[in-house]
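Protein chains: 2
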Amino acid sequence: MDIVCVLFDGITALDIVGPYEVLQRLPEANVKFTATERGEIRTDNRFLGLVADHTFADTTSADVLVVPGGFATRALEKDAALLEWIRAIDLTTTWTTSVCTGSMLLAAAGLLEGKEATSHWASLVRLREYGAIPTSRRVVEQGKIVTAAGVSSGIDMALTLTARIAGDDFAQGVQLGIEYDPQPPFDSGSVDKAPKAIFEFLSAMYAGRL
Amino acid sequence: MDIVCVLFDGITALDIVGPYEVLQRLPEANVKFTATERGEIRTDNRFLGLVADHTFADTTSADVLVVPGGFATRALEKDAALLEWIRAIDLTTTWTTSVCTGSMLLAAAGLLEGKEATSHWASLVRLREYGAIPTSRRVVEQGKIVTAAGVSSGIDMALTLTARIAGDDFAQGVQLGIEYDPQPPFDSGSVDKAPKAIFEFLSAMYAGRL
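In the order they appear, the protein sequences are chains A and B. Residues 9 to 218 in the working numbering are what the first sequence spells out, letter by letter. Residues 9 to 218 in the working numbering are what the second sequence spells out, letter by letter.
Warning: the hint list may mix true and false statements.
Some chain A residues close to chain B (C-beta under 10 angstroms, calculated; not the full set) [to be verified]:
1) Gly18
2) Leu22
3) Val25
4) Glu45
5) Glu48
6) Thr63
7) Ile173
8) Ala174
9) Asp176
10) Glu187
11) Asp189
12) Ser198
13) Asp200
Calculated pairs, EDC-like style, for lysine to aspartate or glutamate (alpha carbon to alpha carbon, straight line, at most 16 angstroms) [said to hold, decoys possible]:
14) A:Lys204 - B:Asp177
15) A:Lys40 - B:Asp52
16) A:Lys201 - B:Asp176
17) A:Lys40 - A:Glu85
18) A:Lys204 - B:Asp176
19) B:Lys40 - A:Asp52
20) A:Lys201 - A:Asp177
21) A:Lys201 - B:Asp177
22) A:Lys152 - A:Asp177
23) B:Lys152 - B:Asp177
24) B:Lys201 - A:Asp176
25) B:Lys40 - B:Glu85
26) A:Lys152 - A:Glu124
27) B:Lys40 - B:Asp66
28) B:Lys86 - B:Asp10
29) B:Lys152 - B:Asp195
30) A:Lys40 - A:Asp10
31) B:Lys204 - B:Asp176
32) B:Lys152 - B:Glu85
33) B:Lys204 - A:Asp177
34) A:Lys152 - A:Asp71
35) B:Lys152 - B:Glu36
36) B:Lys40 - B:Asp10
37) B:Lys204 - A:Asp176
38) A:Lys86 - A:Asp17
39) B:Lys201 - A:Asp66
40) A:Lys123 - A:Glu149
No wet-lab data here; the hints were simulated from the structure. Idealized CB from N, CA, C, for every residue including glycine.
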């Protein structure tokens, strides 16, 4: 099973490493980190390099496509070659997925038109620009397209997908394997739950960037 | 603030990328991915390369040390040079932390003697071999030493640490930034919660490896 994980300069690392850590445990998983060129790409803050072993040019199909996000996607929404590649790969997939602002790339590629979808909360409303229906659920399934909310939500998305692919028992085993029994020290992980001042501070910080 | 993230061949990626994604957002964070040699290291399944920009030899201090885990730590518990480096860095840190079986390395280095600590559930009891007190809490704080349970728990640990370093408001902002409002599709992320058959299957799979 070819699981194609997209990498690009400026990626938010957890967007892709969260789903990868879950999906790599699927039976016969063959995870292919894929970018414009082989070699190192750098995350948003430049602190971490992730290595692409495959290129978009040499990747012509996928069973599962995972498109992550980050500040870089704002510019990539206009990258015609990338969007064309996403459209072509989607024609071959069993599942086409995104995390965070990765959904903006699926949307810009025309894959979310008329569909419910989610994204990082700071970019959610912009899905409308591409004809998608912004939905604030953490994981949104629309046929074979599965979008997830911001950054950390890719773990929940990937467990959901694992259950669809390999069954509930298998997914529960993966959840125990990664000991995913989340206990955040605060309850401020969504727009509805975070203190208003904190939401407003971050909204201003992200404005025009996500 | 120097945040030194340890890398080694066979690492479990989410162990280190989870905490990194949180801690890199601290004010003046300078995250240094550090390994025996500069360059690419491969994760447990070989699918992903992570890049070390720094070496143990050129890293002589840290404000925060993060030691991740994975199947590779079982052998590293006997790596005298690594354990000596961990001891030397710990003398300089404000916080010494671990995720998953990273605590086995802190323990083997002698840093957990007489202290409560946690680890991946499959290796937890082995902490006793090094004089630590196995504790099944997800995040265990003992003075400046903070250990976290398996794989995904590093996110919770890092948010806890962020609150200690930069205050509760800041940590809540980071939590909203990464939209960490976990909603796993199952409730099987701990030994107490997972179906017994699934626990037994994984226990057999991990036996002698973690």
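For this session: Return the numbers of the hints above that this structure violates; sort them in rising order.
Result: Violated: hints 1, 4, 6, 7, 8, 17, 20, 22, 23, 25, 28, 29, 31, 32, 35, 39.
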